[in-house]
Amino acid sequence: MPFHDPTALPVLDLLRADGSWQLTEVDGVLESAVYRHTPGAERGALVERLVAGGAATVDPGDPEQWEGALIEALLSHPAADGLTGLELHLTDYHHSAEHAAAALARRERPRLHHLHLGNAFEYLFEDGLTSTGRPLDPLERHGAALVRTEPWAALPALRSLELEGAFLVDAIDHPGLTRLRTRGAVISDGSVFSPGRLPALTDFAVSLESDVFGVACSIDQVAELGAGRFPALRRLDLGLVEFDSHAFDTLAAFAGSPLLPQLESLTLRSLELERWHCAEAADPEPAVVLAALAPAFAHLTLRVVGPVTVESDDPARADAALALLGLRIGAGGAGGA
Numbered sequence: 290m291p292f293h294d295p296t297a298l299p300v301l302d303l304l305r306a307d308g309s310w311q312l313t314e315v316d317g318v319l320e321s322a323v324y325r326h327t328p329g330a331e332r333g334a335l336v337e338r339l340v341a342g343g344a345a346t347v348d349p350g351d352p353e354q355w356e357g358a359l360i361e362a363l364l365s366h367p368a369a370d371g372l373t374g375l376e377l378h379l380t381d382y383h384h385s386a387e388h389a390a391a392a393l394a395r396r397e398r399p400r401l402h403h404l405h406l407g408n409a410f411e412y413l414f415e416d417g418l419t420s421t422g423r424p425l426d427p428l429e430r431h432g433a434a435l436v437r438t439e440p441w442a443a444l445p446a447l448r449s450l451e452l453e454g455a456f457l458v459d460a461i462d463h464p465g466l467t468r469l470r471t472r473g474a475v476i477s478d479g480s481v482f483s484p485g486r487l488p489a490l491t492d493f494a495v496s497l498e499s500d501v502f503g504v505a506c507s508i509d510q511v512a513e514l515g516a517g518r519f520p521a522l523r524r525l526d527l528g529l530v531e532f533d534s535h536a537f538d539t540l541a542a543f544a545g546s547p548l549l550p551q552l553e554s555l556t557l558r559s560l561e562l563e564r565w566h567c568a569e570a571a572d573p574e575p576a577v578v579l580a581a582l583a584p585a586f587a588h589l590t591l592r593v594v595g596p597v598t599v600e601s602d603d604p605a606r607a608d609a610a611l612a613l614l615g616l617r618i619g620a621g622g623a624g625g626a
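Numbering (our numbering), first residue to last: 290 to 626.
Take the hints with a grain of salt, since some may be wrong.
Just the calculated beta-carbon pair ranges, DEER-fashion [as the list claims (entries may be wrong)]: (1) D348 with S496: 33 to 39 Å; (2) A568 with G432: 34 to 40 Å; (3) V318 with R395: 18 to 24 Å; (4) G350 with A446: 34 to 40 Å; (5) D302 with D509: 49 to 55 Å; (6) A446 with A568: 47 to 53 Å; (7) D302 with S554: 45 to 51 Å; (8) R400 with S554: 25 to 31 Å.
Everything labelled a hint here was simulated from the structure, so no lab data went into it. Values in this document were obtained by computation on a predicted structure and should not be read as measured data. Just so it is clear, CB atoms sit at the ideal spot from N, CA and C, and this is done for glycine as well.
Modelling step: build the complete structure from the supplied sequences, incorporating the hints.
In structure tokens form, the structure reads like this:
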């Protein structure tokens with residue numbers, strides 16, 4: 290009998306009992322679903338039953354594919370067609386990311402407007418562990434996206450997307466996506482600011498701190514932020530990005546970006562300007578350098594989540610230069626209104 294026949298195989302009840310899925314219903318309709326691997330559960334028999342009933346297409350003899358089976362089983366169920374929110378926090382992402390994308394792509398999801406997909410990590414590119422305890426090296430997948438089946442065409446209502454991990458997708462091409470948050474190097478070629486064709490994107494937030502080798506994000510990647518790439522972008526949040534440059538080079542890179550004039554707000558991690566940062570400027574006094582850069586940012590709200598400091602023999606002059614940027618000396622949260 291078909292796997293979705295509740296008298297033959299109550300898939301949703303089985304998935305709830307496993308514990309990895311948290312399902313939310315409103316008036317008897319499945320509205321949202323959150324997946325997080327529950328360790329310790331004996332789910333081999335469950336996976337065999339799902340595969341035998343047609344709910345999953347994995348190899349039931351491989352425990353590292355069981356996560357993919359649980360995800361595929363839910364997303365293949367007719368009740369999941371009406372989901373508005375879906376979060377997939379993966380463990381065996383080397384298998385389950387593709388299983389999830391393929392299952393999403395099989396038919397249109399007309400109401401799904403928020404999707405989270407990826408795997409948690411402490412330091413980017415660090416070895417992870419599969420559900421069986423086997424080391425998993427994300428760098429082995431550089432240049433080859435974990436997700437080979439693009440699901441975007443099946444998600445016409447998608448407006449908010451969160452991706453977390455390394456080398457998850459080749460690109461994100463979606464005409465209606467308005468909010469994107471990435472944590473890590475989620476694009477297969479390692480790029481940070483060129484995720485794909487996103488003509489409706491208004492809010493872009495990136496989280497990228499030093500990786501497991503101590504390497505920070507290259508300031509050269511800011512050049513990817515061309516105005517033509519994101520015609521609707523208004524808010525760029527880089528408050529969780531660690532650049533490999535000092536404050537002057539960071540500000541100068543954004544001041545010269547063709548994207549900057551269209552932004553309404555820009556959030557940076559910190560602004561700690563020292564005199565040696567400005568050594569190549571015509572006048573290396575930090576307050577003078579800030580004042581010269583300020584006009585490029587005058588139209589937007591510049592926020593700094595971390596410390597704001599300026600080396601100067603004249604604190605009042607430094608304060609005045611920062612005021613031109615809508616900032617002030619002090620700790621995080623600085624920003625103009």
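Status of each hint after checking the structure:
1. D348 with S496: 33 to 39 Å: holds, 34 Å
2. A568 with G432: 34 to 40 Å: holds, 38 Å
3. V318 with R395: 18 to 24 Å: holds, 20 Å
4. G350 with A446: 34 to 40 Å: Distance hint for G350, A446 holds at roughly 37 Å.
5. D302 with D509: 49 to 55 Å: holds, 53 Å
6. A446 with A568: 47 to 53 Å: Cβ of A446 to Cβ of A568: about 52 Å, so the range 47 to 53 Å holds.
7. D302 with S554: 45 to 51 Å: Roughly 46 Å apart at Cβ, these two residues keep to the hinted range, so it holds.
8. R400 with S554: 25 to 31 Å: The hinted range 25 to 31 Å holds for R400 and S554, with Cβ atoms some 30 Å apart.
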